[in-house]
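> Residue numbers (the numbering used here), protein chains in the order written: chain A, 38 to 145; chain Y, 322 to 434.
I should point out that these hints are in silico values taken from the structure, not numbers from a laboratory.
Model, not experiment: these values are computed from the prediction.
Take these hints with a grain of salt, some might be off.
What the hints assert, rightly or not - Example chain A residues on the side facing chain Y (calculated, C-beta under 10 angstroms, incomplete): (1) Pro51; (2) Gly53; (3) Leu83; (4) Leu124.
Quick reminder that beta carbons are idealized off the backbone N, C-alpha and C, glycines included.
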Amino acid sequence: RKEVEQDPGPFNVPEGATVAFNCTYSNSASQSFFWYRQDCRKEPKLLMSVYSSGNEDGRFTAQLNRASQYISLLIRDSKLSDSATYLCGMDSSYKLIFGSGTRLLVRP
Amino acid sequence: DGGITQSPKYLFRKEGQNVTLSCEQNLNHDAMYWYRQDPGQGLRLIYYSQIVNDFQKGDIAEGYSVSREKKESFPLTVTSAQKNPTAFYLCASSIRGSYNEQFFGPGTRLTVL
């Protein structure tokens, strides 16, 4: 089993839709969790950290479920500009490990 | 402006040649990382360094080498021993320790001709 798994998608949604991605992990000792956004042929950019109590930033909400070992990212009122690949990352033995990413396509 | 710079943006190399990718940061971060990303795939860790003059192999270190002589700099050499070097190479840095978020440079796209 991979340490971090994400559904590759693509998730194809209309503008204004609400969409959610999950990222499952196997290392129960992980303490820090992150969501990154990566545009085509660009570097990943930090979207938000995921705290135990959850984290909200505008239209974006991140949650951590330790019991089931997954983190989630919810995007409300999707914009065309949200189209990108979303990578999850978490700490594992003095480094971060990343999922392969979930691709989101927002259509007009 | 604080940030991470990588150069060159695009690099072409002939088979059998070594090539060095530059990574510089002025964020005063202790830790630096090198990743490789292949089309449609995630990030795979090549090498990382938590402090000057010390570095560790990541998951795919074979065919690569690094040095960390200065806090600001973490160059990656892709040697001729790397069988499939064509990829997108990303450098990242963070405050020391794995609990902290990493920030990425713009990447170098290496193509072997």
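> Would you mind marking each hint as holding or not holding in the structure?
Hint-by-hint comparison with the structure:
1. Pro51: Interface hint status for A:Pro51: violated (24 angstroms vs cutoff 10 angstroms).
2. Gly53: At 28 angstroms from the nearest chain Y Cβ, A:Gly53 fails the 10 angstroms test, so the hint is violated.
3. Leu83: 5 angstroms, holds
4. Leu124: 7 angstroms, holds
Hints 1, 2 from the earlier list are contradicted by this structure; the remaining hints agree with it.
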